[in-house]
Amino acid sequence: MTRQLLTGNGAAAWGARLAATDYIPAFPITPQTEIIEALANWIDYGEMDTRMVTMESEHSMITAAGAAAATGVRVFSATSSQGLLYAMEMLYTVAGWRAPFVLTNVSRGLAAPITLESDHNDIVAARDSGFLQLHCSTCQEVLDNTLIAFRLAEDKRVRLPVIVNLDGFYLSFTREPVELPEASAAKEYVGEYDPENIQFRASAPVSQAVAVLGGSPYSYFRYETHLAVQNGLTVFNEVADEFAEKFGRQYKTVEAYRMEDAELAFVMMGSFSTKAMEAVDKLRDSGWAIGLCRPRMLRPFPIKQFQEMLSHIKGIAVIDQNISMGMGGVLHTELMAAMYGQPDAPVISSFIGGLGGRDITMEEFFEMANTARNAVEQGQAPSPRLLYSENELREMRKLQSIAKVERDELGQSSGENSGGNTHE
Amino acid sequence: MSEVPMTRYKSLKHMPSTRLLGTGTPMCAGCGGLGALHEIYDILGEKTVFVNAAGCMTLMSVYPFTPFRGSWLYTAMASAPAGAQGIRDALDILIEKKRISKAEDLQVVVLTGDGSAYGMGLSATSGTMERDLDYLYICYDNEGYGNTGQQFSAATPHAAKTSTSMGPRGFSGFKKDLFAIWAAHKPAYVATVIGSEPVDLARKIEKAMQMKGPRMIIALSPCPTGWDYDPKETVEIGKLAVKTGVWPLKEYINGEIIHTKIPRQRQPVEEYLKLQGRFKHLFEPQRNETLISKLQNKIDTYWENIES
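Chain order of the listed sequences is A and B. For the first sequence, this note's numbering assigns the number 2 to the initial residue and increments by one for each residue that follows. For the second sequence, this note's numbering assigns the number 19 to the initial residue and increments by one for each residue that follows.
In short, the hints are calculated from the structure, not lab data. Quantities reported herein were computed from a predicted structural model and do not represent experimental measurements. Accuracy of the hints is not assured; some may be wrong.
[Said to hold, decoys possible] Using C-beta positions, here's what the derived DEER-type ranges look like:
no.: 1; chain 1: A; residue 1: D129; chain 2: B; residue 2: S29; range: 54 to 60 Å
no.: 2; chain 1: B; residue 1: F83; chain 2: A; residue 2: D129; range: 28 to 34 Å
no.: 3; chain 1: A; residue 1: E48; chain 2: B; residue 2: K316; range: 54 to 60 Å
no.: 4; chain 1: B; residue 1: P44; chain 2: A; residue 2: L387; range: 50 to 56 Å
We treat Cβ as the ideally placed atom computed from N, Cα and C, and that holds for glycine.
Sequences are here, hints too, so could you generate the full structure?
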């Protein structure tokens, strides 16, 4: 085992390499490009025995990934943001094929407005596709969870594609020390891909992904996929335990940080949760009984694990780096559903923050903790909060002033009735 | 220039006598696409995997039935060629890494309608040609979105009445020249075929099977429901499409375009048009001479360039 400074992208590429991937259909998109660049170089210099094909779109990329997995080879691919959405039709489709492979998503906010920086709206949009989802908060997790993801995807009880998610910029471009497993140990852990009956062979003709007529066979196959996704919880625990035995790092479907005797908890996903850990430490130093609960798995949704972990908690602050327009935070909604009707269910407050790479400051974590505590005292959560500071608003007004000056300079009318971000 | 071997299909009596494609599919009676597919499949054989895009022929394989003796994968409307890429690459990898024997290999065949081939799937198709993917593409071209009730597509001919061009002049656009677009990519092979010319079709499929790289086939597919004619006329309409010069039978090979059947005595296009309800408005309530001669002129111009 060696230790290297790797970016999150580098760690994802190493995961694909150590898993002895056979095939990589690719398409470049910021901030994922470093993954496919690294893999392409290794293949060109003979360090990986893998075939890589640059497709003309992510839609085609996921089609090729699913088709190759359905033919019986081990497949890896990577995308981000608009790419994930462009491929969305095929995410649902290849999950229905029960084609197991691993897809890295480097989370990035969605257009419009177009941005390169991170949030989770891309990955939560893939929530209902049939892909399992593992969310990482460090570069080490990216590598380890990529290896685990292959075991999870290829397990007979699951047989579905898995997305390993990491945040653009905050993880994709951040270098951290990462323990690289020995290639032989990684190979032994991931094992050979046995496609069983999922294959195309001259001696065994098969029709895959055929049409169905009527709701009954359709429902049957859809339910089967749902149940297979749910099996992912048990299978994850098994393959993660095996990983821990072999490599000494333990991963859970829901990670707890200083949750012992906690009365309050932050709940959030991804790399910003490392900031929440710092906030927890500081608040603990000031005498707060607070912890952090971080789902690694968003699909299947670890309902029981949440219920067990949060049953004794009085107040929760869910921080969503996504926004479901007209509803709010997706994790908040899901957690509410998981906790509803539980005896002594906690009061759950909702916060939206970190959209498009916007920072979440320590002060904001303290304020969210405070809000969650007040909500417990009042026995009622406040309406969801959209994090935005006075300072930010002032800076935004400055940008708008510049836009207005430039517009007036060009002699355009004020266009009071038109909306959209381009106009303000 | 590589040598193309002599054909075994010299005349109708040399055609395969066994029918490989099963019967009882849900295709319409008289489906010209199904006719062409029967002829193609008899030559291709069962060591094939068909990669399908959304269209009429998606209904060929409805769980748990299939008329194919070989394999099948349904993808989506836009990305059947990308599915072919994944399967071809995976089979190559499995053979290279000696996980399967060469005897397990399959011909990868994309099967789509014109809606996918001329439009939504064109980008994915272009990608496979640029990557020199070794596969066969069969487009059954019934000149409209047939499976959804014959709305006009990029393959619909000028003036044809479709369910989205019901007006007195029919479809105002012009049929896209997919043959030229495909040939511009310089793939191994491009050919037009039609089921009513089985010997020409058989030779082209036979030739395509002996090549590597992208081999692209467009089969004009007379469509009784979409073109509005009696199903028994499918073969006659197909023959007229060739005799009137509407559907030139040709191939692109080694950088050259060769016409495989030149109708020396071209019949007037109206012989082809008047059999089809979709062109009825050109003749009734009164004859639309302007539009008919416009269509005739287009055909004449095309062939003048070929014959000269």
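Okay, the hints, checked on the actual structure:
| no. | hint | result |
| --- | --- | --- |
| 1 | A/D129 <-> B/S29: 54 to 60 Å | 57 Å, holds |
| 2 | B/F83 <-> A/D129: 28 to 34 Å | 30 Å, holds |
| 3 | A/E48 <-> B/K316: 54 to 60 Å | 57 Å, holds |
| 4 | B/P44 <-> A/L387: 50 to 56 Å | 53 Å, holds |
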